[in-house]
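Please model the complete structure; the sequences and the hints are all you need to start from.
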Amino acid sequence: MFLTRSEYDRGVNTFSPEGRLFQVEYAIEAVKLGSTSIGIKTSEGVLLAAEKRSTSKLMVNDAIEKISKDVTQSVANLALQFGDDDVKASMSARSEWPEALPS
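With my numbering, letter number 73 in the sequence shown gets 73, and the count goes up by one each step, no holes.
Keep in mind the hints are simulated off the structure, nothing from the lab.
Among the clues, some could well be false.
Claimed, not checked - DSBU-like, lysine-lysine: derived pairs with alpha carbons at most 30 Å apart:
no.: 1; residue 1: K41; residue 2: K52
no.: 2; residue 1: K52; residue 2: K32
no.: 3; residue 1: K88; residue 2: K52
no.: 4; residue 1: K41; residue 2: K88
Right under this line is the structure:
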(Lines of atoms letter the chains of each structure in order from A; the text may use other names.)
(Lines give C-alpha, C1' and ligand atoms only; values in the text may rest on other atoms or scores of the structure.)
Protein backbone atom coordinates (compact mmCIF):
# COMPACT_ATOMS: atom_id res chain seq x y z
CA MET A 1 0.00 0.00 0.00
CA PHE A 2 1.37 3.41 -0.98
CA LEU A 3 1.07 6.21 1.58
CA THR A 4 0.43 9.78 0.46
CA ARG A 5 2.22 12.85 1.82
CA SER A 6 -0.63 13.57 4.24
CA GLU A 7 -0.10 10.15 5.80
CA TYR A 8 3.58 10.93 6.37
CA ASP A 9 3.01 14.32 8.00
CA ARG A 10 0.98 13.09 10.96
CA GLY A 11 3.86 12.25 13.26
CA VAL A 12 7.12 14.00 14.11
CA ASN A 13 9.05 10.74 13.79
CA THR A 14 7.44 9.40 10.58
CA PHE A 15 9.82 9.56 7.64
CA SER A 16 8.63 9.82 4.05
CA PRO A 17 10.19 7.49 1.44
CA GLU A 18 12.55 10.38 0.59
CA GLY A 19 13.72 10.52 4.22
CA ARG A 20 11.90 13.77 5.04
CA LEU A 21 10.19 14.66 8.32
CA PHE A 22 7.31 16.86 7.18
CA GLN A 23 6.30 17.94 10.71
CA VAL A 24 9.82 19.26 11.32
CA GLU A 25 9.77 21.09 7.98
CA TYR A 26 6.37 22.62 8.82
CA ALA A 27 7.68 23.78 12.20
CA ILE A 28 10.72 25.42 10.60
CA GLU A 29 8.48 27.29 8.13
CA ALA A 30 6.12 28.40 10.94
CA VAL A 31 9.07 29.83 12.89
CA LYS A 32 10.10 31.84 9.83
CA LEU A 33 6.60 33.41 9.68
CA GLY A 34 6.53 34.53 13.31
CA SER A 35 8.38 37.34 15.01
CA THR A 36 10.94 37.01 17.77
CA SER A 37 9.68 37.45 21.31
CA ILE A 38 11.20 36.97 24.74
CA GLY A 39 9.90 36.87 28.30
CA ILE A 40 12.07 37.38 31.37
CA LYS A 41 10.81 36.58 34.87
CA THR A 42 12.53 38.29 37.82
CA SER A 43 11.78 38.51 41.52
CA GLU A 44 10.30 41.98 40.92
CA GLY A 45 8.16 41.26 37.86
CA VAL A 46 8.06 40.11 34.28
CA LEU A 47 9.46 41.75 31.14
CA LEU A 48 8.00 40.86 27.76
CA ALA A 49 9.47 42.13 24.49
CA ALA A 50 8.63 41.37 20.86
CA GLU A 51 10.20 42.25 17.54
CA LYS A 52 8.21 44.75 15.52
CA ARG A 53 8.62 43.99 11.85
CA SER A 54 8.01 46.67 9.28
CA THR A 55 4.84 45.89 7.41
CA SER A 56 3.12 47.22 4.37
CA LYS A 57 0.50 49.93 4.89
CA LEU A 58 -1.81 47.73 2.87
CA MET A 59 -1.59 44.92 5.42
CA VAL A 60 -4.21 44.67 8.16
CA ASN A 61 -2.55 44.18 11.55
CA ASP A 62 -4.96 41.97 13.43
CA ALA A 63 -2.52 39.63 15.15
CA ILE A 64 -2.64 41.55 18.45
CA GLU A 65 -5.93 41.25 20.28
CA LYS A 66 -7.09 42.49 23.66
CA ILE A 67 -7.95 39.91 26.35
CA SER A 68 -8.83 42.44 29.03
CA LYS A 69 -8.24 46.13 29.75
CA ASP A 70 -4.62 45.56 30.76
CA VAL A 71 -3.67 42.37 28.94
CA THR A 72 -3.06 41.73 25.26
CA GLN A 73 -1.83 38.66 23.48
CA SER A 74 0.00 38.55 20.20
CA VAL A 75 0.12 35.54 17.95
CA ALA A 76 1.67 34.77 14.61
CA ASN A 77 -0.62 35.22 11.63
CA LEU A 78 -1.52 31.57 11.49
CA ALA A 79 -4.94 30.07 12.09
CA LEU A 80 -4.81 30.89 15.82
CA GLN A 81 -7.67 32.67 17.55
CA PHE A 82 -8.50 33.53 21.12
CA GLY A 83 -10.31 30.86 23.00
CA ASP A 84 -12.46 31.06 26.07
CA ASP A 85 -9.49 29.86 28.13
CA ASP A 86 -7.58 33.12 27.55
CA VAL A 87 -10.47 35.25 28.78
CA LYS A 88 -11.12 32.90 31.74
CA ALA A 89 -7.43 33.06 32.73
CA SER A 90 -7.54 36.86 32.60
CA MET A 91 -10.71 36.96 34.72
CA SER A 92 -9.21 34.48 37.19
CA ALA A 93 -6.05 36.56 37.55
CA ARG A 94 -8.16 39.71 38.01
CA SER A 95 -10.11 38.09 40.88
CA GLU A 96 -6.93 36.76 42.48
CA TRP A 97 -5.03 40.06 42.18
CA PRO A 98 -7.64 42.86 42.20
CA GLU A 99 -5.18 45.72 41.71
CA ALA A 100 -4.62 46.99 38.17
CA LEU A 101 -1.56 45.94 36.24
CA PRO A 102 1.23 48.54 36.17
CA SER A 103 1.40 50.67 33.03
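Now the hints, each set against the structure:
1. Our distance criterion of 30 Å between C-alpha atoms is met by K41 and K52, whose separation comes to about 21 Å.
2. Between the alpha carbons of K52 and K32 the distance comes to roughly 14 Å, so the proposed pair stays at or under 30 Å and holds.
3. Proposed proximity of K88 and K52 is supported: the alpha carbons are some 28 Å apart, at most 30 Å.
4. At roughly 22 Å between alpha-carbon atoms, K41 and K88 fall within 30 Å of each other, so this suggested pair holds.
Checked against the numbered hints listed earlier, the structure breaks none of them; every hint is satisfied.
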